[in-house]
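One letter stands for each residue in the lines below.
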Amino acid sequence: MCGTSKLGKPGGLAGFLLGAVLLLAAYAKAIDPYAFADRLRDMSVPAGAAYPGALVVVAFEAGLGAALLGGSRHRLVLLATSATFVMFVGIVAWQLVHPDGTAVCGCFGQLLERTPRQALYEDVGFVALSGVAWLGRPTRSDVLPWRSSLLGAAAGAALALSAPWLPLDNQATALAPGTTVGATRLDEIVPELRAGRHLVLLLDRADPTTSARIPDLNERLKLPHGGTPVWGLADDDPELAAAFLWSAAPAFEVRSAPPRMLRRLYRRLPRSALVDGGRVLATWSGFPPDATLDTLARGGLP
Amino acid sequence: MRWFVWKTVVVALVVSWWSAAHAEPLELEPTGQFAASGSAIYRSIELPASFLVDPSPFGRPVLIMTGRLSARLLDPKRISRDAADPEVVRVDTGGPQEDFLSVRVDGPNLVVDRDGRTMTLKASPPLLGDRTLDELIEALPEYRRDAARYTPDPAALDKLRRLKQPTELLVFFGSWCPHCGQAVPRLVRVLESVRGAPIAVTFHGVPHDGTDPMANDLGVNGLPTMIVRRDSKEVARMAGDEWAAPEKSLAALIASPAR
Chain V
1479 MCGTSKLGKP GGLAGFLLGA VLLLAAYAKA IDPYAFADRL RDMSVPAGAA
1529 YPGALVVVAF EAGLGAALLG GSRHRLVLLA TSATFVMFVG IVAWQLVHPD
1579 GTAVCGCFGQ LLERTPRQAL YEDVGFVALS GVAWLGRPTR SDVLPWRSSL
1629 LGAAAGAALA LSAPWLPLDN QATALAPGTT VGATRLDEIV PELRAGRHLV
1679 LLLDRADPTT SARIPDLNER LKLPHGGTPV WGLADDDPEL AAAFLWSAAP
1729 AFEVRSAPPR MLRRLYRRLP RSALVDGGRV LATWSGFPPD ATLDTLARGG
1779 LP
Chain W
9 MRWFVWKTVV VALVVSWWSA AHAEPLELEP TGQFAASGSA IYRSIELPAS
59 FLVDPSPFGR PVLIMTGRLS ARLLDPKRIS RDAADPEVVR VDTGGPQEDF
109 LSVRVDGPNL VVDRDGRTMT LKASPPLLGD RTLDELIEAL PEYRRDAARY
159 TPDPAALDKL RRLKQPTELL VFFGSWCPHC GQAVPRLVRV LESVRGAPIA
209 VTFHGVPHDG TDPMANDLGV NGLPTMIVRR DSKEVARMAG DEWAAPEKSL
259 AALIASPAR
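Protein sequences appear in the order of chains V and W.
One point on numbering: in the working numbering, the residue at position 44 of the first sequence is 1522, and numbering is uninterrupted.
One point on numbering: in the working numbering, the residue at position 76 of the second sequence is 84, and numbering is uninterrupted.
Keep in mind the hints are simulated off the structure, nothing from the lab.
Glycine is no exception: its CB is placed at the ideal position from the N, C-alpha and C atoms.
Don't take every hint at face value.
Said to hold, decoys possible - To list a few chain W residues with every Cβ distance to chain V over 10 Å, as calculated:
1. Asp123
2. Ala131
3. Ala244
As the list claims (entries may be wrong) - To be clear about the criterion: a stretch of chain W counts as covered by chain V if any three or more of its residues have a C-beta under 8 Å from a C-beta of chain V, and this derived list gives those stretches:
4. 48-56
5. 74-84
6. 106-119
Take these sequences, add in the hints, and give me the full structure.
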């Protein structure tokens, strides 16, 4: 028991901080579970197991986070916490060996993008913090916090299951009002976006509903001579690009982009954004409403 | 009532005849992005895309409109060359809309049929391996047109023209790559503007899956990338935003007074 009273405070604070980190991590994954499932697939998780796996991870992190935030420092809770952050370090180390630019996995998904190196330093810090959380741990009176853990896990899973229908696109993706086109990396594909006003449409060229809507968009936006330039962006697939050209006949240019780059910008396709002076002004899930399209066709600002 | 119906029909006929007779001519330019056996393919300059296939296996040129997909035979008299730019072809799309062919989308290809004869319009395979400037432009004629639209910086061109030391440029690109479609024509314009300077250029086409031994050996990890060599040694490399004004980047890389 020696030192418990002195070390109890930093230990408790560390546990509290780790609880907040795990809840934030669970939230970041839960608001776009399909993107997290894609990342799991990239890490060689079988395709069929990726989405259920994503839900399990969200529930686990939320349950653990709730327990820690509730003040529990039960041996099993702290063991699970340390193991989780050690696993994060392992994943980030794997990403360092298989580099792909920016890490959007680890803890915070699209909420906080980091390079694998930054993520590694951060996760090593969390492992150290999980060590601090063991200091001054009450050994007798602490009970396993089943109720708060289950409640946290259920809330995390419920959020993940319902998230696709919730208006969380701007939080869950890198395409949100106020961000620059440089931050979205859209300007790498369409440098014209750095100046002037443009409508950007993120498209799934394999989706028949999208193809069927294109003639209406051409007409409403009075393309190709409408008041607002329009750019389509879609996954880089030459076969789909040709088929889309024949059947949808867009009166605007559709440029191909690497799937991984576009995946940061949407939860579901299609998604649209209005860009003005190199900055995102507004976003829409799907295509903008007809009244907005009419205003854009006249060159106005909706 | 009968008089009203007749009047409406006559007005509708006159309006449709007038609009067909006064339709804007369609402007098209050669494209290397699509191919049909033994035919030249032209693509409309404006969107949505239309295509002219001439000659065609049906004896007359075929005009293909996307969207409400249609293909029809054209009277060759309806096709003319632009006097100012012989690369551009004009098609008079007015007059009677007839001689339609059966057309269908088959995956990435477009298949046109009539009387047992078939023509397939398909996306061209990627351009692979080494190409000279002239070979590149011949294979991708749209590069020539996009090059003509670019105005290089005169001061940078002057620097490049005054170059003394022989310089080799090795340009890695993908004919399928949209970045390259924007950037490489600018370099084409620059190279055409400094013909006579001791600059030798090779364009190296890379496949879509990136499996190109030469690109991998030289550590090329983005397209387009230009490697500048002197005496067979790499002295500089151009990539990313440097392609926005290739003449300026190139001049900064190789045309300093000492060089």
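Three residues or more, CB to CB closer than 8 Å: is that satisfied between the segment 106-119 of chain W and chain V? Answer holds; 5 residues pass the 8 Å Cβ test.
Beyond 10 Å from each Cβ of chain V, as asserted for alanine 244 of chain W: 22 Å, holds
Alanine 131 of chain W: least C-beta distance to chain V exceeds 10 Å? With a cut-off of 10 Å, alanine 131 of chain W comes too close to chain V, as the shortest Cβ separation is near 5 Å.
Closer than 8 Å, Cβ to Cβ, for at least three residues: run that test on the segment 74-84 of chain W against chain V and report holds or violated. holds (count 4)
Please check whether the beta-carbon of aspartate 123 of chain W is more than 10 Å away from every beta-carbon in chain V. 22 Å, holds
Is the coverage entry for the segment 48-56 of chain W by chain V consistent with the three-residue Cβ rule at 8 Å? Holds, because 3 residues of the segment 48-56 of chain W bring their Cβ atoms closer than 8 Å to Cβ atoms of chain V.
Hint violations for this structure: number 2 only, all remaining hints satisfied.
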